Each structure stands twice: as C-alpha cells, then as structure tokens.
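Q: Keeping the supplied structure of chain C fixed, place chain H upon it in accordance with the hints.
Take a look at the letters that make up each chain.
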Amino acid sequence: MPDTPTRSTAVWVTVALGALGMVGVHVTLYLSYFYTPTQVTPGTLWVVTPDSGAPISLYESYRIFFIHLPSAYTTAACCGLTALGGVMYLLSRKPKWELLIVSAAETGLAVGAMVLLTGTLWADYAWGSGRLGSGWNWEARLTTMLILWLAFAALLVLRRAIDQPRQRSLATAVYGILLGPLYPLVSKAVDINRTSHPRSFSDLLSAPEIATTQRIASVGVVIALLSLVALRYTWNSVGNNLNTERAA
Amino acid sequence: MNHPRMWMALLCLACALCASGLAADSKSESLHPLNEQPPAKTTGESELRSQLETEYRAQLEKRVAQEKISMEGSLHSLWMSNAAVWTVLFTFVVLQALSARKRSAEIERLRRSRQGDQA
Chain C
0 MPDTPTRSTA
10 VWVTVALGAL
20 GMVGVHVTLY
30 LSYFYTPTQV
40 TPGTLWVVTP
50 DSGAPISLYE
60 SYRIFFIHLP
70 SAYTTAACCG
80 LTALGGVMYL
90 LSRKPKWELL
100 IVSAAETGLA
110 VGAMVLLTGT
120 LWADYAWGSG
130 RLGSGWNWEA
140 RLTTMLILWL
150 AFAALLVLRR
160 AIDQPRQRSL
170 ATAVYGILLG
180 PLYPLVSKAV
190 DINRTSHPRS
200 FSDLLSAPEI
210 ATTQRIASVG
220 VVIALLSLVA
230 LRYTWNSVGN
240 NLNTERAA
Chain H
0 MNHPRMWMAL
10 LCLACALCAS
20 GLAADSKSES
30 LHPLNEQPPA
40 KTTGESELRS
50 QLETEYRAQL
60 EKRVAQEKIS
70 MEGSLHSLWM
80 SNAAVWTVLF
90 TFVVLQALSA
100 RKRSAEIERL
110 RRSRQGDQA
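Sequence order for the protein chains is C and H. Position 132 (the first sequence) corresponds to 131 in numbering that gives the first Met the number 0; numbering is contiguous. Position 32 (the second sequence) corresponds to 31 in numbering that gives the first Met the number 0; numbering is contiguous.
One chain only, chain H, in its complex shape:
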C-alpha cells in the first residue's frame, strides 16, 4: 500500500468512522417526560376510570413506539459503527496483501537484473 491515495482513502474512512458516533442516540430520538394533564372531572366514577384508562393506554402506546424507534436507532448506529471498523480493518488487510505482492515482484525484478549484471 505505497500509493498515497490509498492511505488518504483509509484516513477518510477512519474519519467517517469517528464521526459515525455523532449519529448515535440523537436528541430527537430521546424520550421526553410524559406531558400529563389532570383529567377533567366527570360525574360517574366508572366513566372517569374508563377515560383515564384510555388516556393511559394511548400515552403508553405512544411511549412504547418512541422507545422502539429510539432502540432501533441506537442499534442501527452501533451496527454502522462496528461495520465501519471491521470494513477498515479488512480493507487494510487486503490492501497490505496486494502491496506485499507488488513488493515481491519488485524484489524479483531487482534480483534478476542484478544476476543479469553479474552474468
């Protein structure tokens, strides 16, 4: 991997990797406290109970949905960060191997030219 552009590409990938953490658990995904309003007074206790239950269920479902989005968002960020780390590592492995091949060929060429000079 002698080519400077290869190093630049790896450096850019590493920078992108560092920046990927910024996407993790963004503020918009964070949970907010419930905005609870006292229920309006009703005459019958059973009606009040039913109304409270409906409100509670609605708020609970909203909160569960928010939590699910937050969880999926953080998992996605983690997956992306990890995938970036391993991609950089194995791109490095493959490029190093190809560079070794190039260097071997260069050594062979030098050896042959030296043997030719001696002959």
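So that you can see chain C by itself, here it is in the shape it has in the complex:
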C-alpha cells in the first residue's frame, strides 16, 4: 500500500468520538437502570413462545435492547462504510478509502459479535429454556446476521491471503461493495416467515421513558462504537506509515 500522510484529523476525531461516546454510554446505562420502568405487560413487544405463540412478559430483560439495538445500527453503519469505501477506492484509488474499508470491517466484526451475543443471551430467557445457547433457533434474522458477521471475518482473511498490494486493494474494494447489501437482507429477514425475533419495537417504545432512553442510546452508543472505526483507521494509517518508513 502506498504511503499515507499523518492523520492528525483522524486522531482528534477518534479522541472526540471516544470522549463523547463515553459520556453517551454512561448516560444510556444510567437511564436504562434507574429511569426506565420494568416492562410487565405481555405482548407489548412482538415476542412469543415458538411453540404456543403465547405473548411473553419481558420484565427487566428488555433493558439489553439499549445496547443490542445501537450495536445493530453500528453494524449496519459498518456495512455502509465498507460499501462507500469500496466505491470511493475504485473511483479514486486513494489508500485512505481502503483503510476505511478495513477499519469498518474490523469494527463490524467486533460489534456484530456484540449483537449476536447480547441477542442470544436475551433470547435464552425470552424464548429459550434459560440454558445457555437455547435461544439460538436458526431463524432467518439470526442466520443472516451470523452470515454478515462471517462475511466481515472473510474480508479480513481474504486480505491476508493476497500478497500483491494492488490486487489486495482491488479485492478489498470489490468485497467491500458486495458487503453493502447484506445488512438490508438482515433487516428484511424478519418478514420472510414467522419469527420469534421482534418485528417492531413501536409498542415497547410507546412508553415515554423507554422511547427517550432508546433515542439517547441510539446516538450515544452508536457514537461510542463508531469511535472504534476511527481508532482502527488511525492505527492502521500509522502502521502503514511505519511500514513505509521501515522499507525506505
């Protein structure tokens, strides 16, 4: 990869996003523990037991959504960033766009794991037997999310397998573009057939405390997690400069 300039702007973006994210996450956590009520009304969220179809009371368990949903939004943003980076790289051939694809894929892998883990842990109690892993039922939403997570991992493995820098950059850009449409597929997967996964959160969000907390979480936690993209971008950029300097 050709040399990239010192990314002073990227550093300050990372620091600012990290600091803002820290505040956002703490406010979200505080509100989710001490402000939002216990959700006891059955059927206010479209969650049912797979066998009988009886609505489930979520009690305290719904509070995991304040981390789970923003993590899913960030995974979607990472998908979008890989596609954007891919298109921009093919148009301009500037290494910064390749850095963006890699950084977004690395973060997508980490945050996607958070989505899968928080979702599965919640589902173990929501529609599973309570035993670890019992909530995983290979429904369309869960399976497509796992495929997306594996696709992020595959991009990073693919890069390592190509020695020639130009080929590696091109393959990364094309793969990044192909990753883009995967999130809409995950999003629409709940409409494919009957599913245990909630289709809509509108009923749950009709409680004003929950809606407010969810709005704050959507901004605060997403900013926090996007600071990881900025961090990886900065770090990869410095790594490239270092390699160039060593090779000189």
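In short, the hints are calculated from the structure, not lab data. Remember, it's a predicted structure, so these values are computed and weren't measured experimentally. In this text, a Cβ means the ideal position worked out from N, Cα and C, and glycines have one as well. You may find that some hints are simply not true.
Some chain C residues well away from chain H (every beta-carbon gap over 10 angstroms; in silico) [what the hints assert, rightly or not]: (1) E138; (2) S195; (3) R198; (4) S199.
Pulled a few chain H residues facing chain C out of the computed Cβ check, cut under 7 angstroms [said to hold, decoys possible]: (5) W85; (6) F89; (7) R100.
No farther apart than 35 angstroms at their CA atoms in a straight line, the calculated lysine-lysine pairs in the DSBU-like style are these [to be verified]: (8) C/K95 / C/K187; (9) C/K93 / C/K187; (10) H/K101 / C/K93; (11) H/K101 / C/K95.
A: What follows is chain H alone, placed relative to chain C:
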C-alpha cells in the same frame, strides 16, 4: 500508549472492575425468611383478625422495604460494573489515539532526518 504507567493504570482499572462484582448483592442485603410467631390467643375473633392483619401488614411493609433496598443495591452494583467496563474501553480508545499521534510525529521526524541525511 507506550508509557508503562498507562498500562499499569489500565491494569489497575481492570482489577478494580473484576473486584466490583464482590459488591453485588451482598449478604446483608439478602432477604431473610420471616420470623413468624404464632399470635397470642384473644377472646374475640374480630380482634384476632385485626391484630393478625396489623402484624401481617407491618411484616409485609418491612419485607417490601428490604426487597427495595436489595433491588436498588443490585442495580447500583450492575450500573457500577457496566460503567467501569465502558470507562476502561473508551479510556483505551482515547489513549490509543493519542499514542498513534505520538507515533506519527516520531515517524515524520525520522523521515525528515533521513531526507536531511540524503541531502
């Protein structure tokens, strides 16, 4: 984040984080079984009923108060543990970014000195 003291600080925070679980749902907050005593015999049934109701209400209120303290204690512990996790993570992010800036400046300095040598 090359400075060893930074790593030590993060390590200490991580240790504090691990230890924070010790504060969760402490024994003193746990509920104890009700220490029920059979009511003293009274002559009138209505008096007995009233006395039992008063005792029951008093014990119930005490138990609800205990449960509230226990619930608030466990929520507080969870909030503290989670806040510690995220604080460590984002302190790490900010320190890594600052370290990257330092490393970039060092690379630029090396590059300039090499170009100066060549000239």
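Q: Each of the hints needs a verdict: does it hold here or not?
A: Going through the hints against the structure:
{"no.": "1", "hint": "E138", "in the structure": "29 angstroms, holds"}
{"no.": "2", "hint": "S195", "in the structure": "26 angstroms, holds"}
{"no.": "3", "hint": "R198", "in the structure": "28 angstroms, holds"}
{"no.": "4", "hint": "S199", "in the structure": "27 angstroms, holds"}
{"no.": "5", "hint": "W85", "in the structure": "5 angstroms, holds"}
{"no.": "6", "hint": "F89", "in the structure": "4 angstroms, holds"}
{"no.": "7", "hint": "R100", "in the structure": "4 angstroms, holds"}
{"no.": "8", "hint": "C/K95 / C/K187", "in the structure": "32 angstroms, holds"}
{"no.": "9", "hint": "C/K93 / C/K187", "in the structure": "34 angstroms, holds"}
{"no.": "10", "hint": "H/K101 / C/K93", "in the structure": "24 angstroms, holds"}
{"no.": "11", "hint": "H/K101 / C/K95", "in the structure": "20 angstroms, holds"}
When held up to the earlier numbered hints, the structure conflicts with none and fits them all.
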